[in-house]
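Note that my numbering has the sequence shown beginning at 14, numbered continuously upward.
If you are wondering where the hints come from, they were derived from the structure by calculation, not from laboratory data. Just so you know, not all the hints are guaranteed correct.
As the list claims (entries may be wrong) - Restricting the straight-line Cα-Cα distance to at most 30 Å, the calculated cross-link-like pairs of lysine-lysine (DSSO-like) are: (1) Lys15 to Lys117; (2) Lys15 to Lys42; (3) Lys354 to Lys319; (4) Lys19 to Lys354; (5) Lys272 to Lys241; (6) Lys15 to Lys349; (7) Lys158 to Lys272; (8) Lys201 to Lys293; (9) Lys396 to Lys19; (10) Lys117 to Lys396; (11) Lys396 to Lys15; (12) Lys319 to Lys15; (13) Lys369 to Lys19; (14) Lys272 to Lys369; (15) Lys42 to Lys19; (16) Lys106 to Lys158; (17) Lys396 to Lys369; (18) Lys319 to Lys293; (19) Lys369 to Lys15; (20) Lys272 to Lys293; (21) Lys348 to Lys42; (22) Lys369 to Lys118; (23) Lys349 to Lys319; (24) Lys348 to Lys241; (25) Lys349 to Lys118; (26) Lys241 to Lys106; (27) Lys19 to Lys319; (28) Lys369 to Lys349.
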Amino acid sequence: MKLISKTLVFSNPPGVTTAYEYEYYSRPKGVEKVRLRFMDVSNDIFDHGSLSFSRDNGRTWADERPHMLGKRSAEGTLRRFDGVGWVDPVEGKMVTLYLEGLFKKDDLLEGVHAYYLNYRVSTDGGRTNLVDEPAIQKGAGFAAKHPFQDVWTGRNCVSMPLIPPIVRTRQGHLSLVVFRSLLGPDGKYFNPGGGLTWHQEMVLIGRWQRDGRIEWEPVADLSLPPTKSTRGLDECTLAEMPDGTLLLVMRGSNDDAGKLPGHKWFATSRDGGFTWSEVKPWRYSDGSPFFSSASMCQIVAHSNGKHYWLGNISEENPRANLPRDILYIGEIEPKKFGLRKDTLFVIDRVQPGEPKETHLSNFHAHEDRETGELVLNMPYFTKPAGSWMGDTYQYRLNLDP
Numbered sequence: 014m015k016l017i018s019k020t021l022v023f024s025n026p027p028g029v030t031t032a033y034e035y036e037y038y039s040r041p042k043g044v045e046k047v048r049l050r051f052m053d054v055s056n057d058i059f060d061h062g063s064l065s066f067s068r069d070n071g072r073t074w075a076d077e078r079p080h081m082l083g084k085r086s087a088e089g090t091l092r093r094f095d096g097v098g099w100v101d102p103v104e105g106k107m108v109t110l111y112l113e114g115l116f117k118k119d120d121l122l123e124g125v126h127a128y129y130l131n132y133r134v135s136t137d138g139g140r141t142n143l144v145d146e147p148a149i150q151k152g153a154g155f156a157a158k159h160p161f162q163d164v165w166t167g168r169n170c171v172s173m174p175l176i177p178p179i180v181r182t183r184q185g186h187l188s189l190v191v192f193r194s195l196l197g198p199d200g201k202y203f204n205p206g207g208g209l210t211w212h213q214e215m216v217l218i219g220r221w222q223r224d225g226r227i228e229w230e231p232v233a234d235l236s237l238p239p240t241k242s243t244r245g246l247d248e249c250t251l252a253e254m255p256d257g258t259l260l261l262v263m264r265g266s267n268d269d270a271g272k273l274p275g276h277k278w279f280a281t282s283r284d285g286g287f288t289w290s291e292v293k294p295w296r297y298s299d300g301s302p303f304f305s306s307a308s309m310c311q312i313v314a315h316s317n318g319k320h321y322w323l324g325n326i327s328e329e330n331p332r333a334n335l336p337r338d339i340l341y342i343g344e345i346e347p348k349k350f351g352l353r354k355d356t357l358f359v360i361d362r363v364q365p366g367e368p369k370e371t372h373l374s375n376f377h378a379h380e381d382r383e384t385g386e387l388v389l390n391m392p393y394f395t396k397p398a399g400s401w402m403g404d405t406y407q408y409r410l411n412l413d414p
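Just need the whole structure built from these sequences, with the hints factored in.
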């Protein structure tokens, strides 16, 4: 592997903490793209977004329009968080999953009660929407205020990562993994791990309807006890491997004191997402363990037939979210589903003298359809003067130099 370039693409403007920029293809073939930009106006509170469109593989952008804007009312501010779009390779439709929630104080912890899941469907590359509605479980009794079994909007939430973990399976249905907060026996938010938040994964099966809508059915939950992860399971990545097995790699967390080992966790499904193996620490393909902080990761399927994992690996046991100081990419062994240690490559690392809190995270990667290069956009979070700030950089990698 070889790093070709690192380019500043979106500078952090005055008055906000971080500037985010992501781009993704909007059709199953060709080079039309969507560019999503937004600002972090407080810790994990987003606003001032925009969408732009490209017909020449991101060389030029046009038709910029406001997006992800907060809507203020007497009750609070309706906040929105978009995931990057996903295109069904058979239907040709683009699905964009996004969160909405009413925030009264713009405190990130309000999200465990407020966020609910929505989806948009577009047939013209994201310029207009055929469908734009909440994701609601099929069946009688489910509605916007009670979208899924054991979920009530305003009491607990359904949430998702930046890169929605969704695949079209060989059986023809969609498999989507989101995460939700829980309610205890008293009907209130349940946090048995005592960490910042507590979630577990929820697997949804999606089936296309004739009118372009998607019928959603929850089929499985994946969880860990507090003795293994102090915040449960959340931000995950999903891929269908060459033999049809679904590989799910998830974020867990240990505590700030590092009393528990910090890992990524995984499970597999051989029936298209209906049933899953036991959740275990994800390992190298030779069976040896590795440490990873509480951070997102991504699996990318490349046209060369390989699957690549991108994420943070630590030499020592992490402390909750830290460190996120080195961003790696490596191949996934297609039969054992482990990470091949001999293929690891450092995309970037925190430089000497930078604050220890500097994060290499919150990225999105995709294959360039013209060159085969891996294109990765990532905000470079740092604390130069005690407060967060970050510009988005674009990295280009040659995976087979």
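> What are the numbers of the hints the structure violates, in ascending order?
Replying inline: The structure conflicts with hints 1, 7, 25, 26 and 28, although it agrees with all the remaining ones.
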